[in-house]
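Peer 1: Based on the hints, put chain B in the right spot on chain A.
Residue numbers (my numbering), protein chains in the order written: chain A, 320 to 489; chain B, 6 to 300.
Derived by calculation from the structure, the hints in this document are not laboratory data.
Nothing here was measured: the structure is a model prediction, and the numbers come from that model.
27 Å max Cα-Cα, derived DSS-like pairs, lysine-lysine:
#1 Lys74(B) <-> Lys353(A)
#2 Lys479(A) <-> Lys426(A)
#3 Lys397(A) <-> Lys8(B)
Take a look at the letters that make up each chain.
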Amino acid sequence: MIFRRLRRILPAFLLAVLLLVTSCRAQDTSPYAKTQQESTQRGATPAVAKNAQQGGNFNKFFPKSADGYQVVAAQEKKGFAEYKLNKGGKNVAVLSINDITSTPTAKDKYQKSTEKIAGYPAAEAPGKGTGILVNNRYQVKVASRDDSFTKNDRVAWLQKFNLSGLAQLK
Amino acid sequence: MSKTIYQLVDELPTGGLTVMSLRALDFAVPGEWQNLVGFDNTIRAVTGETDPDLVRQIGERAIYLYNDKSQGYQTALWLYQTVDSASSALGAAALANKVGEKIPLLGFLGNITPKADKAQTIDLAVKLVVELVAFCQINGIPGDSIGDFLGALGDYSGESLMRMAALVCFDGLIPLGPDFIQMVLSRFSNMNPQELEQNQTFKGVNDLIPGGNSAGKLGFINQSFGSVSGWMSDFVNSRGLTPQNVVHNLSSFIDVADDKLDYLGAFLDVSTNYYEHTGIQTLARRLIERAVAEI
Numbered sequence: 320m321i322f323r324r325l326r327r328i329l330p331a332f333l334l335a336v337l338l339l340v341t342s343c344r345a346q347d348t349s350p351y352a353k354t355q356q357e358s359t360q361r362g363a364t365p366a367v368a369k370n371a372q373q374g375g376n377f378n379k380f381f382p383k384s385a386d387g388y389q390v391v392a393a394q395e396k397k398g399f400a401e402y403k404l405n406k407g408g409k410n411v412a413v414l415s416i417n418d419i420t421s422t423p424t425a426k427d428k429y430q431k432s433t434e435k436i437a438g439y440p441a442a443e444a445p446g447k448g449t450g451i452l453v454n455n456r457y458q459v460k461v462a463s464r465d466d467s468f469t470k471n472d473r474v475a476w477l478q479k480f481n482l483s484g485l486a487q488l489k
Numbered sequence: 006m007s008k009t010i011y012q013l014v015d016e017l018p019t020g021g022l023t024v025m026s027l028r029a030l031d032f033a034v035p036g037e038w039q040n041l042v043g044f045d046n047t048i049r050a051v052t053g054e055t056d057p058d059l060v061r062q063i064g065e066r067a068i069y070l071y072n073d074k075s076q077g078y079q080t081a082l083w084l085y086q087t088v089d090s091a092s093s094a095l096g097a098a099a100l101a102n103k104v105g106e107k108i109p110l111l112g113f114l115g116n117i118t119p120k121a122d123k124a125q126t127i128d129l130a131v132k133l134v135v136e137l138v139a140f141c142q143i144n145g146i147p148g149d150s151i152g153d154f155l156g157a158l159g160d161y162s163g164e165s166l167m168r169m170a171a172l173v174c175f176d177g178l179i180p181l182g183p184d185f186i187q188m189v190l191s192r193f194s195n196m197n198p199q200e201l202e203q204n205q206t207f208k209g210v211n212d213l214i215p216g217g218n219s220a221g222k223l224g225f226i227n228q229s230f231g232s233v234s235g236w237m238s239d240f241v242n243s244r245g246l247t248p249q250n251v252v253h254n255l256s257s258f259i260d261v262a263d264d265k266l267d268y269l270g271a272f273l274d275v276s277t278n279y280y281e282h283t284g285i286q287t288l289a290r291r292l293i294e295r296a297v298a299e300i
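Same shape as in the complex, but just chain B:
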């Protein structure tokens, strides 16, 4: 049986690699993320309500909303979970590819494993689109309205902003370098639908990406990433984010040389699930906001 919403929130870890990696990004989004865990605890923090009976009533309404499949919350959770586990598989492939490049004996691996950069650019763009689709499942703004999404993205805060910071740092800056936005844009401008279809991250969430066929989906991803690229580069520039200062902040628990950043990217990919972790926190927050307003 799949977990209940209160189990998911109650069981969020307070330590481990995902939490440590996200804490290391506090310098990028100071004070935004406190790793709020526990279902009742989240209700109290979000609503300011302390009366136990009222907390219980809010929780019960939130559970009803979550369990009503037509409300989209379960789909959003599935998206956050799937894009994380899919990218973990990609992390293993990227690592194998790196071994292939370093050791000539295993050079043949290069023929069967996608180029790490190419897989990573698709991974980043697909994760961003998953954010857009999950946002719409949770908050209900129609799936094709990128304009509304941009307005809301500007208003992102807390764990949602931390998720975007992690996307930029762990899936952009570290594995692809400071020009990652341009890299994604130029790769997508001459990508064919078959290349997209072969990507593991895309395969995982394919069914929920708008656009009809693969060519349409490629167009949707391309357009979405293009629309958000301005916000992203502003985020990087205004906060002075570089691969070096991200690594510096991770170095308290990961020992890594500056010339091995693609290994670090792959390592973070396989060892963390920051999309799922912060996704559950976002989901719980919005669900609770709605529940308290409706009762």
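Okay, chain A solo, but in the shape it has when bound:
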């Protein structure tokens, strides 16, 4: 009697264990698991806003090579453009412009800061960077990639961008 009942229950039990085991194995325990899930679920916010400025439109506002520094194109994607700043064949900094329509929280650090560079709100940024916010939309950044490139250098190079031109970009 008991044996018969067991025979009826056992397959269901085994199936339940199997499902449990397989679902556990697929579990992502990384601290990034939530971000992964949010960014891949149906209807997830795209990484780049539809109305973000084309990266190619930023190119003309970047500084040119000068004073022994070479400005070399590195990336150009929708809403973003980046150049490397090299000296003596070595990468010492990166220059970038991005449209914060895709990353609105980027604005927070400028709102908290009282600093200004060339008349624009300025703030220190992650990754040894200094940034300014132009027209409440375009973030211009210089980030050090070598210790010899100091904050003073970053501020100086920020001022070499054509900021007034960028401010007029619609």
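Peer 2: Then chain B, alone, in the frame of chain A:
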């Protein structure tokens, strides 16, 4: 389910044949490649950022960018992975072909297996074009702009430069000898589209090579290789690279006679995945550079 970007970077091996083979090329590109592994570790190394909260924010933005298919990063990964696994299949065929040449009894294999040199020249050229296309997927410079690619190639460093060193050494110098650039150029100048279509490496990535039909793609590969050949021969000459000194540096873990270099080439082809390994590192680096700039 395919792996997440942080899993791919976290799971990069720190040892094994691929890593050992690449380390052996340090003499060609001294200090350029440190085998950077681990997602957070890469964020800290690329950006210099040490604050854990900021590292996390950079990582989260990088994950969003990677998972947005329109941004091209997943296509680039697919290219790096596919060109490696495709060439592994080719490695097996090349090995079979060598057996065919050595043992008369199996000589008939020569009828069904492509000549190793011919397959290898196509393999090398296709891998180079994959680098061009993946570069454009990651960095966004339009796919037909070879000029921009050349400017960027001159600025290649780190794991990207190591990948090119491995391409030159493992897919050029070792299997084809010191005249490999000329060999590729002359073979491609009188190749017909059908020969290209039959190549396994080409088949794997065919859909993403610009040029429309096979004849157009052949033209694109030919033109791309021609444009980069100057950079490549300068790379070989200025660093004094020869099949012998590459073999010498590999000899710590691979025992090979100088007259068996085509076996060594085939062996490296089937046993390493240096395109995928360094490709993931390049992808992670550029993704992180963009992420930190955008937040």
